[in-house]
Amino acid sequence: ILNVEQSPQSLHVQEGDSTNFTCSFPSSNFYALHWYRWETAKSPEALFVMTLNGDEKKKGRISATLNTKEGYSYLYIKGSQPEDSATYLCASLGVARQLTFGSGTQLTVLP
Amino acid sequence: NAGVTQTPKFRVLKTGQSMTLLCAQDMNHEYMYWYRQDPGMGLRLIHYSVGEGTTAKGEVPDGYNVSRLKKQNFLLGLESAAPSQTSVYFCASSYAGGSYEQYFGPGTRLTVT
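From first to last, the protein sequence lines are chains A and B.
The first sequence begins at 1 in the working numbering and counts up one residue at a time.
The second sequence begins at 112 in the working numbering and counts up one residue at a time.
Here chain A stands alone, though its shape is the one from the complex:
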């Protein structure tokens, strides 16, 4: 079983602040890294899937980077808005094609 760690566990920022979270995962047995956004009372929805070392993905104000050699990924949010409040999950996909999830970073953006 892969061990996926996320930090911080929770975060409060002011509207307009930029922020970032960390996901660390074992670099062996790696196939892909997924980021999901999970709003309260909804289901997780995929944000990014990254596979190659050095990958960078962007969707609006949110971006992510991947370092497979050292086993970490960063998620960045530029100019946070209240609607960005959610739990952000990362998950490592191993060669067995099973996702192992971290426990998430809960972001609250204060207006």
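Hints may be right or wrong, so weigh each one.
Unchecked claim - DSS-like cross-link-like pairs, simulated, lysine-lysine; straight-line CA separation at most 30 Å:
(1) Lys125(B) <-> Lys42(A)
(2) Lys58(A) <-> Lys168(B)
(3) Lys58(A) <-> Lys69(A)
(4) Lys42(A) <-> Lys120(B)
(5) Lys69(A) <-> Lys42(A)
(6) Lys181(B) <-> Lys168(B)
(7) Lys42(A) <-> Lys168(B)
(8) Lys182(B) <-> Lys168(B)
(9) Lys69(A) <-> Lys168(B)
(10) Lys181(B) <-> Lys42(A)
(11) Lys59(A) <-> Lys69(A)
(12) Lys120(B) <-> Lys168(B)
To be verified - Here are some of the chain B residues that sit facing chain A, going by a computed Cβ distance under 8 Å:
(13) Met138
(14) Leu154
(15) Gly162
(16) Thr166
(17) Tyr175
(18) Tyr206
(19) Gln213
(20) Gly216
(21) Pro217
Honestly, the hints are just simulated from the structure, not real lab data.
Just so you know, even glycine gets a beta-carbon here, dropped at the ideal spot from N, CA and C.
Go by the hints and put chain B onto chain A.
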């Protein structure tokens, strides 16, 4: 398209009772998964299936059984519910190959008293 649906949405069981949770997807996905979500522990894989008629154990399979008789349906059974199975259960599905991006159902909140 309905995507991934789960029934029921909520259920309260007494210890020792049995029940089946149904997951259905209309995206023709090969892979289907059952997770449980507990506070502070993220999503943990219970069982998964890579195709009709096949199932495999995940990280926390004890106390659960599954069946995939049709490609679009994945059933999770609790034969004798225990309070430790109080949780929110999520079903997900994905294509086999590519990014394996998972699409989640709305969840089933189960309480075992």
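Checked hints:
1. Lys125(B) <-> Lys42(A): Given pair lysine 125(B), lysine 42(A) holds - Cα atoms ~27 Å apart, limit 30 Å.
2. Lys58(A) <-> Lys168(B): This hinted pair is violated, its Cα atoms lying about 34 Å apart.
3. Lys58(A) <-> Lys69(A): Roughly 21 Å separates the two Cα atoms, so the pair holds.
4. Lys42(A) <-> Lys120(B): holds (12 Å)
5. Lys69(A) <-> Lys42(A): violated (34 Å)
6. Lys181(B) <-> Lys168(B): holds (18 Å)
7. Lys42(A) <-> Lys168(B): holds (26 Å)
8. Lys182(B) <-> Lys168(B): holds (18 Å)
9. Lys69(A) <-> Lys168(B): Holds - the C-alpha atoms of lysine 168(B) and lysine 69(A) are around 29 Å apart, at most 30 Å.
10. Lys181(B) <-> Lys42(A): At roughly 26 Å apart (the allowed maximum being 30 Å), lysine 42(A) and lysine 181(B) satisfy the hint.
11. Lys59(A) <-> Lys69(A): holds (24 Å)
12. Lys120(B) <-> Lys168(B): holds (24 Å)
13. Met138: Constraint on methionine 138(B) not satisfied, violated at 13 Å.
14. Leu154: Constraint on leucine 154(B) satisfied, holds at 4 Å.
15. Gly162: violated (12 Å)
16. Thr166: violated (13 Å)
17. Tyr175: violated (16 Å)
18. Tyr206: violated (11 Å)
19. Gln213: holds (7 Å)
20. Gly216: Since the shortest Cβ distance to chain A is 6 Å, the answer is holds.
21. Pro217: holds (6 Å)
Against the hints set out earlier in the document, violations occur for numbers 2, 5, 13, 15, 16, 17 and 18.
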